[in-house]
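Protein chains in written order, with this note's numbering: chain A, 26 to 533; chain B, 11 to 252.
Because the hints were derived from the structure by calculation, they are not lab data. These numbers come from a predicted model, not from an experiment. Every residue, glycine too, gets a C-beta built ideally from N, C-alpha and C. Keep in mind that the hints are not guaranteed to be accurate.
[As the list claims (entries may be wrong)] If you want the footprint, here are the derived chain A segments under chain B, 3+ residues with CB under 8 Å:
{"id": "1", "stretch": "86-97"}
{"id": "2", "stretch": "133-141"}
{"id": "3", "stretch": "196-202"}
{"id": "4", "stretch": "304-317"}
{"id": "5", "stretch": "392-406"}
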Amino acid sequence: MADFETPELREYPIIPKLKEGVMAHSKPYVAKVQFQEALGFPGELVDNWEEKALEKLDDLRGRYRSLQVYLDSCVKCGACTDKCHYYLGTSDPKNMPVARQDLLRQVYRRYRTFAGKYFPRLVGAKDLTRDVLDDWYSYFHQCSQCRRCSVFCPYGIDTAEISMAAREIMDTIGVGQKYCNEIIGKAATIGNNLGLPEPALADTLEGLEEEVEEDTGVPVKFPLDQKGSEILLVTPSADFFAEPHVDGLIGYAKVFHEAGVSWTMSSYASEAANFGMFIGSYENMRSLSLRIRKAAEDLGVKRIVFGECGHAWRVAYSFLNTLAGPFDFLDPNYPVPQHICEFTYDLIQKDKLKFDKSENDHMTLTFHDSCNVARASRMGDKAGGQFDIPRAIIRAACNNFVDMPADAIGEATFCCGGGGGLLTDDLMELRVKGAQPRMEAYKRVVEDNGVTNVAAICAICKSQFTKVLPYYGFGMTDIVSVHQLVSEALVLSDAPSDDNDSDTEAEA
Amino acid sequence: MSALPVTYAILFYAATLLLVVGLVRKIVLYARTPAPLKIPTTPAPVSRSGVVLRMVHEVVLFTSLFKATKWTWLFGWLFHFGLLLVLLRHLRYFQAETWFWVDLIQPFGKYASYAMVIGLLGLFARRIFVDRVRYISAPSDYLMLLLLIAIGASGMLMTFVTHTDIVMVKGFFLGLLRFSIEPLPSDLLLLTHLTLVALLMIIFPISKLLHAPGVFFSPSRNQVDNPREKRHLAPWAAELEK
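Could you put together the complete structure from these sequences and hints?
Right under this line is the structure:
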């Protein structure tokens with residue numbers, strides 16, 4: 026499988042020279058007929074696909090101002106050309122955001138603008154051919170919709186919007202991506218991306234309760250489908266079993282336990298991540314969001330809290346009210362939805378949580394700002410809360426914290442390399458190469474500041490790092506959940522006094 | 011009446027019509043197309059006034075471009091603000107009695123042409139010498155810069171080297187405003203300058219120059235970051251709820 030070279034990590038980042046076509050071969054598996062049809066898309070490439078694609082493009086231009094304005098406004102200034110982690114990691118010029126956008130823009134120009142109709146070569150307009158479609162499939166699946174380019178564009182042109190449109194056009198003509206569309210199917214029928222049915226979920230949570238009680242001596246609950254609870258927790262399904270995700274889930278449970286609130290998860294809406302966004306499908310995004318609304322109504326909760334997940338938080342924070350609101354049946358004293366970090370941070374502010382920071386003294390931490398939390402959403406009531414709040418939580422739970430270089434965090438953060446529906450084994454080369462800018466920044470603080478671990482608040486980031494850290498010579502367990510740090514350091518007030526040996530704690 | 015002023019009168023009426031109609035059509039299209047989701051890019055302001063401030067920063071200081079690349083920012087800013095001063099200076103050709111401040115900026119506008127052309131040459135050089143920018147450039151991207159450079163250079167030649175009869179030029183444009191055709195100097199430099207300006211006006215609404223209205227309609231820049239507080243629903247999305 027590893028028939029590619031892992032990029033080198035250099036002392037300082039260098040913008041690579043162009044190497045044309047080096048990633049043209051990178052394509053995810055195409056969705057099978059049944060997964061396509063389940064989402065209302067044609068099973069395979071339709072006969073008159075050129076015509077259908079243009080029709081869909083027109084439809085989307087009419088529905089999304091972003092798409093229309095962004096197709097028209099680019100001046101090719103080059104500001105974005107060195108901003109995409111996939112370009113920096115692969116050197117393929119079609120991974121420069123403007124070049125990626127141009128794959129769609131060249132077709133828009135050819136068929137829908139005066140200059141492109143009559144002077145195609147002058148303005149770089151191109152016919153929609155099979156080659157162009159192949160380029161679309163390759164390169165619109167090399168964009169993690171992380172929005173880094175949009176921060177630097179003088180007009181705010183967001184390649185994520187273009188990628189989503191292109192993916193929706195491809196779905197509409199029958200060329201969907203297997204990973205995303207299979208997952209949407211599972212979330213829409215079973216309730217989560219992993220396809221875990223209720224009994225499996227209940228079993229897993231029961232196991233966690235036993236494990237935590239064994240470790241701490243405290244009966245911390247992991248409730249499922251408990252009607253009348255105050256809070257519905259919606260979390261990425263990876264939190265139920267993957268490492269280090271599950272340690273984060275244990276952290277949320279401990280925080281709820283300390284807060285003394287009643288809470289529950291739902292087996293009907295057991296997934297925070299909304300892959301409808303990745304394929305640009307408003308309708309799919311909406312139907313998955315409505316499951317959360319229905320779960321909240323059926324369980325009679327007063328608040329909705331989301332677990333650690335990046336793109337999920339974008340859909341939750343920015344879109345949920347639009348897609349499935351209004352949430353006037355919930356407690357108006359709390360934002361809908363709330364992020365678990367906001368919840369924990371509030372308790373810290375009110376001095377309701379006690380930490381023994383020394384529990385995390387074996388680590389020196391840095392924090393990876395997940396792209397969609399950083400650039401597409403917010404936490405708290407102030408601009409920039411999405412940067413301050415997770416860091417405040419880490420500092421409350423740990424003694425040793427160091428930030429990575431300023432051009433690799435905050436609004437300029439690099440995507441982990443696996444976001445936007447690319448976290449699949451068939452894109453391993455892209456994922457490894459796309460992680461290079463993040464790994465370079467991580468290496469700096471590892472070498473200069475003795476950093477041992479990187480914390481994140483996104484299920485995709487956590488899975489992606491677990492997989493790619495070893496390619497760059499780091500340990501796969503370097504990646505930790507923010508609420509894992511909380512879990513380690515949190516002092517449970519009803520813990521039995523000093524009969525706990527700390528060994529079991531460290532193994533957790 | 012000789013053919014020359016008639017030809018140029020027709021050219022400028024046509025160019026103005028195409029520019030205005032073309033731009034209004036695009037602006038109406040942008041304004042009418044719904045933005046169904048809240049997609050402001052960080053740092054996203056949480057209030058309307060914050061959005062206005064952000065937009066002013068973007069349009070006046072090119073804040074995002076400054077973050078992205080200092081050279082492009084420098085050349086781009088020199089060009090745009092040189093051009094702005096030069097355009098304001100040209101107001102005197104459209105006013106019988108010039109406003110006080112138009113008189114005042116005349117000397118600045120004169121030398122702003124240097125900033126404008128230096129900026130354009132810098133942008134042209136980047137397009138040729140930076141491999142990434144060369145890769146994304148179509149012939150029209152070079153031609154657009156050359157067109158602007160030619161407009162600037164021909165104007166500068168008239169300002170600093172060989173003067174044309176600007177009193178007659180003013181008479182011609184004031185005449186156009188009253189729909190009367192007055193004489194125009196048959197000066198080759200002037201005619202080149204005017205032809206290129208008319209060409210620029212004509213291609214403005216069908217080219218990437220649409221970034222000028224586009225920036226104000228960019229949802230990632232003009233939206234307030236308040237999706238949890240205020241429900242945002244496009245008309246076509248509301249239809250889905252029925």
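Next on the checklist: If you test the structure against every hint from before, which numbers come out violated?
Outcome noted: Number 3 only.
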